[in-house]
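Number of protein chains: 2
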Amino acid sequence: MTKSIYFSKFVVTEQVFYRTKHSYALVNLKPLVPGHVLVVPLRKDVIGLSDLTFEESQDYFNTLQLIQNFIYWQYKADSLNIAIQDGPEAGQSVAHLHTHIIPRFKMNNIGDQIYEKLDHWNFEDWNKRREEYLNGGGRDGRRALAKPDDQRMARTEKQMFQEAIELNTQLSKYLQEFPEMKKWVTKETSI
Amino acid sequence: MTKSIYFSKFVVTEQVFYRTKHSYALVNLKPLVPGHVLVVPLRKDVIGLSDLTFEESQDYFNTLQLIQNFIYWQYKADSLNIAIQDGPEAGQSVAHLHTHIIPRFKMNNIGDQIYEKLDHWNFEDWNKRREEYLNGGGRDGRRALAKPDDQRMARTEKQMFQEAIELNTQLSKYLQEFPEMKKWVTKETSI
Numbered sequence: 001m002t003k004s005i006y007f008s009k010f011v012v013t014e015q016v017f018y019r020t021k022h023s024y025a026l027v028n029l030k031p032l033v034p035g036h037v038l039v040v041p042l043r044k045d046v047i048g049l050s051d052l053t054f055e056e057s058q059d060y061f062n063t064l065q066l067i068q069n070f071i072y073w074q075y076k077a078d079s080l081n082i083a084i085q086d087g088p089e090a091g092q093s094v095a096h097l098h099t100h101i102i103p104r105f106k107m108n109n110i111g112d113q114i115y116e117k118l119d120h121w122n123f124e125d126w127n128k129r130r131e132e133y134l135n136g137g138g139r140d141g142r143r144a145l146a147k148p149d150d151q152r153m154a155r156t157e158k159q160m161f162q163e164a165i166e167l168n169t170q171l172s173k174y175l176q177e178f179p180e181m182k183k184w185v186t187k188e189t190s191i
Numbered sequence: 001m002t003k004s005i006y007f008s009k010f011v012v013t014e015q016v017f018y019r020t021k022h023s024y025a026l027v028n029l030k031p032l033v034p035g036h037v038l039v040v041p042l043r044k045d046v047i048g049l050s051d052l053t054f055e056e057s058q059d060y061f062n063t064l065q066l067i068q069n070f071i072y073w074q075y076k077a078d079s080l081n082i083a084i085q086d087g088p089e090a091g092q093s094v095a096h097l098h099t100h101i102i103p104r105f106k107m108n109n110i111g112d113q114i115y116e117k118l119d120h121w122n123f124e125d126w127n128k129r130r131e132e133y134l135n136g137g138g139r140d141g142r143r144a145l146a147k148p149d150d151q152r153m154a155r156t157e158k159q160m161f162q163e164a165i166e167l168n169t170q171l172s173k174y175l176q177e178f179p180e181m182k183k184w185v186t187k188e189t190s191i
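In order, the protein sequence lines correspond to chains A and B.
The first sequence begins at 1 in the UniProt record's numbering and counts up one residue at a time.
The second sequence begins at 1 in the UniProt record's numbering and counts up one residue at a time.
Note that these hints are calculated values from the structure, not bench results.
Keep in mind that a hint or two might mislead.
Said to hold, decoys possible - Cross-link-like lysine-lysine pairs, in silico, DSS-like; alpha carbons within 30 Å at most:
1. Lys183(A) - Lys21(B)
2. Lys76(A) - Lys44(B)
3. Lys173(A) - Lys183(A)
4. Lys128(B) - Lys76(B)
5. Lys183(A) - Lys21(A)
6. Lys21(A) - Lys21(B)
7. Lys30(B) - Lys158(B)
8. Lys173(B) - Lys106(B)
9. Lys30(A) - Lys44(A)
10. Lys128(B) - Lys30(A)
11. Lys30(B) - Lys106(A)
12. Lys30(A) - Lys106(B)
13. Lys9(B) - Lys76(A)
14. Lys182(A) - Lys3(A)
15. Lys183(B) - Lys21(A)
16. Lys30(A) - Lys76(A)
17. Lys182(B) - Lys44(A)
18. Lys106(A) - Lys44(B)
19. Lys183(B) - Lys173(B)
20. Lys182(A) - Lys44(B)
21. Lys30(B) - Lys128(A)
22. Lys183(A) - Lys76(A)
23. Lys158(A) - Lys173(A)
24. Lys21(B) - Lys182(A)
25. Lys183(B) - Lys182(A)
26. Lys106(B) - Lys44(A)
27. Lys76(A) - Lys106(A)
28. Lys76(B) - Lys173(B)
29. Lys128(A) - Lys76(A)
30. Lys21(A) - Lys3(A)
31. Lys44(A) - Lys183(B)
32. Lys183(A) - Lys44(B)
33. Lys3(B) - Lys183(B)
34. Lys9(B) - Lys128(A)
35. Lys183(B) - Lys183(A)
36. Lys182(B) - Lys76(B)
Take these sequences, add in the hints, and give me the full structure.
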């Protein structure tokens, strides 16, 4: 029997796809795009980054490293936005520290493309991608693709549970395929 | 003689106000608001989070913890946005990992208010702040305050150097006043 996991006052146990000693990752009620997940400290009185102890902080950022790497792989993302809204004046909507991980793609047909990971990173490619991003409207162009908060449909518990199971399975595969990623695992627990 | 510090291909040595073994913090060429600073890994071939070694990652996030705590104190900020644009499709404008730390304020007259830190955090206050934020237009309202990238003036090297000196001095004071913050210091170096 798994102990209930809280996101502030909400029980989110069935949305969680990864858990360590002090942190967890969960699927989102209203994702901006598929693969938009959150990393959260288990202790629910951690409101901002400053509230983490040293040990919790190491665990939290290791978890963030693992999950962002995993999300790149799982969703074949080209880039990621990683964001913490630390406090209500920064847009924080739930009074419990959480980091958004949001996949971004070269093309808008998310999930419908074949991603070929480059063997060797180079400036030419990076600049070309940057140029395409800016020619596509940059920040404003991409923003238009996202629906405002109040127009995004909250997903059902069943949908979120199914996704959490899927991501949990895939994450196990990922760790088997890339054993060097285990360096980010503070403590594996089955959930 | 300090070794040159690079932000991608740019020499930013005189903008740096804090440096550890693997990371540094610097003042911004075009800050969105006063106190908008960046945390960067010293190794300039770290393009994204995935490029950090384990040791560099610990150093990087410890530095981020110290600097975000310091920026709250130094700028009397109410909240902070902490953001990584990991890849060009996420808006990354320089091909070298960097984390934005952006102070946010209850009132719009930034720097012109007296901040009274609450002794005890409580939900009522948090919700009140959140409500004020939303009543003020929320994300869109705040966005309107920021100028588009191309309308923001690049500051002079002298201005940035003076600010870096000031922040470096203030950070030393901060670490003296709050010795518990030294837990985030990977290795102190004088710059």
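query = Which hints from the list above does the structure break, by number from lowest to highest?
reply = Hints that this structure does not satisfy do not exist here, as all of them hold.
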